[in-house]
Every structure is written in structure tokens, then in C-alpha cells.
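In order, the protein sequences belong to chains A and B. According to the working numbering, the first sequence is numbered sequentially starting from 100. According to the working numbering, the second sequence is numbered sequentially starting from 18.
Simulated from the structure, these hints should not be mistaken for laboratory data. Bear in mind that the values here come from a model prediction, so they are computed numbers and not experimental data. Glycine is no exception: its CB is placed at the ideal position from the N, C-alpha and C atoms. One should not assume that every hint holds.
[Stated by the list, open to error] Here are the simulated SDA-like cross-link-like pairs (lysine to any residue), alpha carbons at most 25 Å apart as the crow flies:
| no. | chain 1 | residue 1 | chain 2 | residue 2 |
| --- | --- | --- | --- | --- |
| 1 | B | Lys124 | B | Leu63 |
| 2 | A | Lys112 | B | Glu43 |
| 3 | B | Lys59 | B | Lys88 |
| 4 | B | Lys75 | A | Lys156 |
| 5 | A | Lys156 | B | Asp101 |
| 6 | B | Lys59 | A | Leu110 |
| 7 | B | Lys22 | A | Leu110 |
| 8 | B | Lys22 | B | Phe56 |
| 9 | B | Lys59 | A | Leu182 |
| 10 | B | Lys124 | A | Ser185 |
[Unchecked claim] So, partial list: chain B residues that the calculated Cβ filter (under 10 Å) puts toward chain A:
| no. | residue |
| --- | --- |
| 11 | Lys59 |
| 12 | Gly60 |
| 13 | Ala62 |
| 14 | Leu63 |
| 15 | Lys75 |
| 16 | Arg78 |
| 17 | Ser82 |
| 18 | Ala108 |
| 19 | Met111 |
| 20 | Leu120 |
| 21 | Gly123 |
| 22 | Gly125 |
| 23 | Thr129 |
Chain by chain, the residues run as shown.
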Amino acid sequence: KAGVTQTPRYLIKTRGQQVTLSCSPISGHRSVSWYQQTPGQGLQFLFEYFSETQRNKGNFPGRFSGRQFSNSRSEMNVSTLELGDSALYLCASSFAGAGYEQYFGPGTRLTVT
Amino acid sequence: QQQVKQSPQSLIVQKGGISIINCAYENTAFDYFPWYQQFPGKGPALLIAIRPDVSEKKEGRFTISFNKSAKQFSLHIMDSQPGDSATYFCAASMGGGGSNYKLTFGKGTLLTVNP
Numbered sequence: 100k101a102g103v104t105q106t107p108r109y110l111i112k113t114r115g116q117q118v119t120l121s122c123s124p125i126s127g128h129r130s131v132s133w134y135q136q137t138p139g140q141g142l143q144f145l146f147e148y149f150s151e152t153q154r155n156k157g158n159f160p161g162r163f164s165g166r167q168f169s170n171s172r173s174e175m176n177v178s179t180l181e182l183g184d185s186a187l188y189l190c191a192s193s194f195a196g197a198g199y200e201q202y203f204g205p206g207t208r209l210t211v212t
Numbered sequence: 018q019q020q021v022k023q024s025p026q027s028l029i030v031q032k033g034g035i036s037i038i039n040c041a042y043e044n045t046a047f048d049y050f051p052w053y054q055q056f057p058g059k060g061p062a063l064l065i066a067i068r069p070d071v072s073e074k075k076e077g078r079f080t081i082s083f084n085k086s087a088k089q090f091s092l093h094i095m096d097s098q099p100g101d102s103a104t105y106f107c108a109a110s111m112g113g114g115g116s117n118y119k120l121t122f123g124k125g126t127l128l129t130v131n132p
């Protein structure tokens with residue numbers, strides 16, 4: 100079975116721009132979660148989608164949004180990028196959610212200049 | 018509010034030794050406790066997980082010990098090898114139909130196993 104894939108792997112953007120990151124979960128998994136990882140804050144939960152519905156959202160500003168498609172693929176968008184948004188963005192997929200085995204992709208390294 | 022506290026922040030162990038990483042949680046509604054291993058440039062990889070109905074779970078050289086009354090759980094790596102050198106994260110969630118649907122992570126432990 101193929102693992103979780105994320106595209107692109109690396110991204111450099113300028114402050115004020117917007118960015119869209121993509122995640123393809125493991126086949127058969129309907130839950131996709133997004134996390135932000137930084138050296139200072141560690142791994143922080145952004146949001147979780149299950150069958151195209153957002154079930155939970157972390158404590159991030161409205162500039163961070165996401166969606167899930169009918170094939171379970173997910174995208175997250177960050178608008179009006181700030182320097183502090185530089186981070187590794189990780190996607191995780193699970194059969195049913197965070198209370199079950201959750202598998203992470205390699206992440207997208209976003210650098211905002 | 019940090020709901021999962023992990024210690025130590027860093028750990029150096031000799032090859033063949035036992036590595037022990039501890040976590041404490043506050044929310045008694047947590048009912049799923051996984052450990053992840055992360056190498057530089059990679060995403061976290063699920064190592065082993067436990068639910069509160071058991072006090073210990075072993076998979077190969079990795080063992081989780083769980084103390085529900087103390088709200089603590091720990092990861093033991095037996096016969097530690099240089100290849101185990103990585104950052105380890107504990108996490109907790111309210112699964113099984115709860116409304117949480119997220120993993121709350123500890124801050125991580127950087128393990129170095131010297132040859």
C-alpha cells in the first residue's frame with residue numbers, strides 16, 4: 100500500500116502571498132489531519148477532515164483553511180503569508196480519526212521570505 | 018496549556034543501553050496514546066500505541082508502560098542502537114467517537130545513541 104503523499108515537498112513564498120498544499124491519504128483512509136511543526140511550538144493541530152467534513156479545527160487564524168474532496172484527498176490553504184508561517188506542514192491519514200492509527204506524510208517545507 | 022508534558026528534552030544513551038522517555042497528561046478523557054519516531058527531513062512514523070485498558074504493550078525492542086492513576090506513560094527502548102537516534106514524540110487523543118479528533122503532542126525528545 101502506498102503511504103501518505105504530500106506535494107510539493109518544498110516551497111518558498113513571499114510574505115503576503117498565498118499557498119496551497121496537497122495531501123493524498125492512504126487508500127481506504129477517510130480521515131485527513133493537518134499539523135504544523137516548528138522548532139519552537141512543536142507539532143500543532145490545524146484541522147481534521149472526514150468524508151469531506153471538517154470535524155475539528157485548531158487554534159490558528161482564519162488565514163489557514165482546508166478542504167477534503169470526495170476521493171479523500173485534502174488541500175490546505177494559507178492566505179496572506181507571514182514570516183511566522185514558515186514551518187513543516189504535515190498531513191496524516193487514518194481510517195477513522197485520531198483515536199486510531201494515524202500515518203504521516205513526509206511534509207511540505209514552507210519558507211516565507 | 019500544555020496537555021501532554023514530555024521529558025527529557027534530550028537523552029544520550031550508549032549502544033546496548035535502555036532509553037526511557039516519559040510523558041504525563043492532564044486530560045482524563047484521553048484514551049489513545051501513540052508514540053512517534055521522527056528522523057530529520059521525514060514525517061513522524063508511528064512506533065507503538067496503547068489504550069488505558071492495558072498497563073504495558075511490547076513490540077520488539079519498544080515497550081510502552083502506562084499508569085492510569087498517575088496519568089503517565091513512558092517509552093522504553095531496549096538494546097538501543099545508533100539507528101534509533103531520532104526525535105521521539107508522545108501523543109494523546111480522545112478517539113472512539115469522541116469529538117476531539119486530534120492528536121495532542123508532547124514537545125519531543127532528541128535521542129542520541131552513541132556507538
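- Query: Between B:Lys75 and A:Lys156, is the straight-line Cα distance small enough, at 25 Å or below?
  - Reply: violated (33 Å)
- Query: Minimum Cβ distance from B:Leu120 to chain A below 10 Å?
  - Reply: holds (5 Å)
- Item | Minimum beta-carbon distance criterion (10 Å), B:Gly123 to chain A | Constraint on B:Gly123 satisfied, holds at 8 Å.
- Query: Is B:Lys22 close enough to B:Phe56, meaning Cα to Cα at most 25 Å?
  - Reply: holds (21 Å)
- Item | B:Gly60 as chain A interface residue, shortest Cβ-Cβ below 10 Å | Hint holds; B:Gly60 Cβ to chain A Cβ min 4 Å, cut 10 Å.
- Against chain A, run the beta carbon of B:Arg78 and see if the smallest gap drops under 10 Å. At about 20 Å, which exceeds the 10 Å cut-off, the nearest Cβ of chain A leaves the hint on B:Arg78 violated.
- Message: Would the hint on B:Lys75 be counted as holding, given a Cβ-Cβ threshold of 10 Å to chain A?
- Response: Where the cut-off is 10 Å and the nearest Cβ of chain A is about 17 Å from B:Lys75, the hint is violated.
- Query: Can the hint on B:Lys59 be confirmed by a CB-to-CB distance to chain A that is less than 10 Å?
  - Reply: Holds, because the Cβ-Cβ distance from B:Lys59 to chain A comes to roughly 6 Å (cut-off 10 Å).
- Item | Restraint status (C-alpha distance of B:Lys59 to A:Leu182 at most 25 Å) | holds (23 Å)
- Message: Min Cβ distance, B:Leu63 to chain A: is it shorter than 10 Å?
- Response: holds (6 Å)
- Message: Between the alpha carbons of B:Lys22 and A:Leu110, is the straight-line distance 25 Å or under?
- Response: Violated. B:Lys22 to A:Leu110 sits at ~32 Å, over the 25 Å cutoff.
- Query: Is the straight-line distance between the alpha-carbon of B:Lys124 and that of A:Ser185 25 Å or less?
  - Reply: With a Cα-Cα distance of about 18 Å, the restraint between B:Lys124 and A:Ser185 holds, given a limit of 25 Å.
When each numbered hint is compared with the structure, violations occur for hints 2, 3, 4, 5, 7, 15, 16, 17 and 23.
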